[in-house]
Amino acid sequence: MTRILGLASIWIALVMSVYGIIAAVIGLTRKRPAFVVGGMQAVYVNFALLTLSTAAMVYALVTHDFSVGYVAQVGSRSTPVFYTVISLWGALEGSILFWGWVLAMYSAVVVWTNRKRAGDLVPWAAVALMTVCLFFCILMVGPANPWGLVSPTPADGPGPNPLLQNHILMAVHPPLLYLGYVGMTVPFAFAVGALLSGEIQSDDWIRLTRRWTLSAWAFLSLAIVAGMWWSYEVLGWGGYWAWDPVENASFMPWLTATAFLHSAMVQERRGMLKLWNVNLIVSTFLLTMLGTFLTRSGIISSVHAFTTGTIGYYFLGFITLCIVVSLVLVAGNSEKLRSDGQLDSAASRETVFLFNNLFLTGFTFVVVLGTLFPLVAEAFKGVKVTVGAPFFNKMTIPICVALLFLMGVGPALPWKAASREQLRTVFILPGSVAVLIATLALALGMRDGYGIAAFAFAGFALVCNLREYAIGTRARMRAHGEALPVAFVRLVGANRRRYGGFLAHIGIITIAAGVTASSSFRFEREATLKPGQIMPVKGDLSVRLKTLWGKDEPQRQVVGADVEILRGGTVVGMLDPRMNFYRSQDQPVPTPAVRSRPTGDVYINLMAFTPDGQSATLRVILEPFVPWIWFGGLVVAFGAVVSAWPSARRAARRVEYTAPQRATARPSPVSGTSFPGAAMPMTQASGLPPSLPSNPA
Amino acid sequence: MNWKRALLSTALIGAPLVALLTYGMTRDPHSIPSPLPGRDAPVFTRAVFAPGADSVLRLPVGDSVRLAAHRGEIVVVNFWASWCLACRDEHLDLSQTASAFAQKGVHFYGLLYNDQEKNGLRWISDMGGQAYPALSDPGARTAIDYGLYGVPETFVVDQRGLVARKFIGPVNALQLSALLDSLLVANQDSTRVGPANIPPDAGVTRPVVPAAADAAKP
Amino acid sequence: MRPISRGRGLLRRGLLVGVLVFVPRLHAAQSATTPATPAAATAQSVIVPPLPGVNLEFDARVKRIASRLRCPVCQGESIQDSPAELSTQMKTLVREQLANGKTETEVLDYFVAKYGQWILLEPRAEGINLLVYWLPVLFLVLGAGGLWLVVRKWTRVRPMPVASPTLQGMEATPVAVVVSE
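Sequence order for the protein chains is W, C and Z.
Residue 658 in our numbering is what sits at position 553 of the first sequence, and the numbering runs on without skipping anything.
Residue 107 in our numbering is what sits at position 88 of the second sequence, and the numbering runs on without skipping anything.
Residue 604 in our numbering is what sits at position 48 of the third sequence, and the numbering runs on without skipping anything.
No lab work stands behind these hints: they were computed from the structure.
In this text, all values refer to a predicted model and were calculated from it rather than measured experimentally.
All C-beta atoms, glycine included, are put in the ideal place defined by N, C-alpha and C.
One should not assume that every hint holds.
[Claimed, not checked] In silico negatives: residues of chain Z with every beta carbon more than 10 Å from chain W: (1) Pro606; (2) Leu664; (3) Tyr689.
[To be verified] Capping the alpha-carbon separation at 27 Å, the derived lysine-lysine pairs in DSS-like fashion look like this: (4) W/Lys643 x Z/Lys658; (5) W/Lys379 x W/Lys221; (6) W/Lys656 x W/Lys635; (7) Z/Lys709 x W/Lys489; (8) W/Lys441 x W/Lys136; (9) W/Lys136 x W/Lys221; (10) W/Lys441 x W/Lys379; (11) W/Lys499 x W/Lys489; (12) Z/Lys658 x W/Lys499; (13) W/Lys441 x C/Lys23; (14) W/Lys489 x Z/Lys619; (15) C/Lys23 x W/Lys379; (16) C/Lys137 x W/Lys635; (17) Z/Lys709 x W/Lys379; (18) W/Lys499 x W/Lys486; (19) W/Lys499 x Z/Lys619; (20) Z/Lys709 x W/Lys441; (21) W/Lys635 x W/Lys651; (22) Z/Lys658 x Z/Lys619.
[What the hints assert, rightly or not] Here chain C is said to cover these stretches of chain W; the calculated rule only asks that three of the stretch's residues, wherever they fall, bring their Cβ under 8 Å from a Cβ of chain C: (23) 349-361; (24) 437-447.
Throw the hints in and build the complete structure from the sequences for me.
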């Protein structure tokens, strides 16, 4: 019954999508509003249907309905309920269903929140969204059908992949990833909508798109960091990023989306880079499709790869369609997107953003090239090559260091132009901090040029960003006599986009510092111990093996080691690395144990043991400052939330005045009104007290 | 709407990318071409731990087998493990082919890969015995020498000590017999096929893909 | 897609996080060679390498080489990071070869002769592989150059700061104004 319901929902959703697309297209091309409305209603119906199907799948999983194909694949009576529920996204078919559901949800929200908006942009965007949804419905009734019938009904199933049962982050990483990844479809839909409706020439759609991109970006950032954290805690090699094709797949759209978030600001302020921005949005979506294709088609082997079948061909067909449509629309309309570029000065935030885009797209290019190069080499030379972590590290570390630098310069420089005096004032403190840190690093014995540069620029960028907060708060305090906390909160509240952005920068800087520190200062040691024996690790830190124990759980047998951490001889902590022997697997799955402190982690892996429990081989890795990476991820997401948070009065615009920067300038209030569809010019000189008459539009 | 530009960009940007991805769909990322076929087979000296049932092929436990001593004869080297499920698929084929060709001077050896000898012995007896002797390979030195990246893998060394072919996955009796026959005939005819004539991937055989997407699992 | 035979599939899945369950063998791999009979000793293992932790400089060399070799039974891990049995055995072989006078290049060449170019985690900078190294450099250099030219063109000095197109019609002001949403 559940099966019929679940499958039927998908079929009906498929039909609804077709109906919606056809109706909306007819309505839009033949100017029949009723058709358009009817077509867009399909979005809501789709959402309801896919919610039904997803809920039915969860129900089937929890009730162990093994007549359903997907449940028979990943379900098991001995799996705890929690992991049963999250196995919804554990294998291919379920993940496609989940994707379809998230997409339908996004589509419904997009149509609902824009229901009062005039124009053809949103209807066309809905058409685009429905087309993607249609593709996923086709997958779900075709190669990735989770609702297949299993007959005769088996009594039990193999359970989800053991690697997916070992950690709670498995509940967090995939949903976040889908919210971010699938979320990038929305900006693409808006771009397509703008191109087809002609609204591409105004800048209103950019503002709309930017907010959606920002929220998807926030989810994606969290998802990537959560994925890093999961692989760090579960896979046992003490690392968090291996440049695996699937990791790259999630990272590439993040890079182009980040570039877009910055260059969109240039477009809003100066009307420039229109074609470039459209290309970025379209590329972001295409990269999400490419990434999914790579991991589900089996053309590149990867840690993450789902089982392969014919689904690769479907994705190939759909990607081809997307590429062709995107290229035709963008290139065909490229003349409309021409804008005269004007900059006031090379020493301005606009220029920094241009270089930011260069480095981010360069970064994306390296990752795409590296990921696809094995195919190229095989196509032209017939040899199989590996493009692995050493390549990516070598090629991307310089770019990351450059981006760190820009992350400081950007906030520090004003829009439009900066004078030499300004430059000196703004950079003297951060510059000194950078030099100080570099000297310190050298003194501590660091010899790796990029590592030292990374630390120095991280400090530089941190000071630049914090300085913006300090200056703004101080100016506000002076202007309004507010106390520091009040001034701070009001400052951020009045300028969410700006200060949220700076906060996201601080998050990235924190991540960069954590990554650099944990790579440069990592230390590892391995030894075989008998119970009671002590292994000295480093300095006064040592570990002692207390006992080796075994435990029977419904789905697995666990062998663990109780290990005490000693500092100077006294016990300061206890860890229990384990090995899990799943009944469905030949090889055991080790779970390392990690003790996290702000200064770093002690990471212990149980490598081997004797069956009589008389000795165990432990690998101890010291990872300094790794928790900063996870914390930094949260800060980034929080910064994005602050940045995207809509103000209470959407229509109202608060205007602030600043004293003139140059002798030729004269202060004059600029009214808060804006032409419909035109972007407000937004510039700020730093370091000067704003004053605040409100001027509601 | 500038159709010319649209077409141009689709052709210049879209087409190569799609072509590359389509090409990728035809390749299997998991099968690695081996540099060994056509080159000298890496020599080894390994100890016997399972004697083998065939009267011609059997060797006493503890004996050392030197590949170099087999110059002039065909040697089939099969890497296997007791924990390897696919090895079960090929066991009967290998054993029967070994018996069939024993009289013609073809030697078969099984090299145990990353497993304990007692497990290997138990596996052999579970499978109903084995015609040819099994050798142990401590430290996987020989396995690494042969570029092993999975089990089962089977190497056929011809009379001149060159690797004639590498089989990845379970060996098919027909293919193996055909190869051995052709090598025996070629030797008789003394036709020279030098390493340079053998194209890079010619000596590698991969498992045959059945029509259904999912191979039937026994 | 071609199905991988089950044994290999399991091998791949399992050995990604494969584990040395049997300690004696782990130790055997680290200590002097383990042939049962003297005749089984290979000619290479004349000099026994120092145990891990004894000679830190030697360990660093081993680590450097091991980080460049791919674990054949894992998904993209190096033999340095991978706990799989084959990885450990390859690493031991690296130790032995280094201890017996081989250079880093010779050790890497040995593995390439056995496994092909694929065993290197980073493609050798020769032939078509040069593309993967130089195209990004070209991209960035050309991009930076292009950007510099473009910025120069866009900042061609005009006497007055020019209003952006969207400002036309509004009271143009050269002064910084903050507008927040």
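Here's how the hints hold up against the structure:
1. Pro606: 15 Å, holds
2. Leu664: 12 Å, holds
3. Tyr689: 8 Å, violated
4. W/Lys643 x Z/Lys658: 31 Å, violated
5. W/Lys379 x W/Lys221: 26 Å, holds
6. W/Lys656 x W/Lys635: 20 Å, holds
7. Z/Lys709 x W/Lys489: This hinted pair is violated, its Cα atoms lying about 45 Å apart.
8. W/Lys441 x W/Lys136: 23 Å, holds
9. W/Lys136 x W/Lys221: Roughly 18 Å between the alpha carbons, so the hint for W/Lys136 and W/Lys221 holds.
10. W/Lys441 x W/Lys379: 9 Å, holds
11. W/Lys499 x W/Lys489: 21 Å, holds
12. Z/Lys658 x W/Lys499: The given pair, whose Cα atoms are some 26 Å apart, holds under the 27 Å limit.
13. W/Lys441 x C/Lys23: With Cα atoms ~15 Å apart, W/Lys441 and C/Lys23 stay inside 27 Å; holds.
14. W/Lys489 x Z/Lys619: 24 Å, holds
15. C/Lys23 x W/Lys379: Roughly 20 Å separates the two Cα atoms, so the pair holds.
16. C/Lys137 x W/Lys635: Given that 27 Å is the threshold and the Cα spacing comes to 26 Å, the pair holds.
17. Z/Lys709 x W/Lys379: 17 Å, holds
18. W/Lys499 x W/Lys486: Holds, at about 24 Å.
19. W/Lys499 x Z/Lys619: 17 Å, holds
20. Z/Lys709 x W/Lys441: Holds: Z/Lys709 and W/Lys441 sit about 21 Å apart, inside 27 Å.
21. W/Lys635 x W/Lys651: Cα-Cα ~8 Å, so holds.
22. Z/Lys658 x Z/Lys619: 15 Å, holds
23. 349-361: violated (count 0)
24. 437-447: Satisfied; 4 residues make the cut.
Consistency note: the structure conflicts with the earlier hints numbered 3, 4, 7 and 23.
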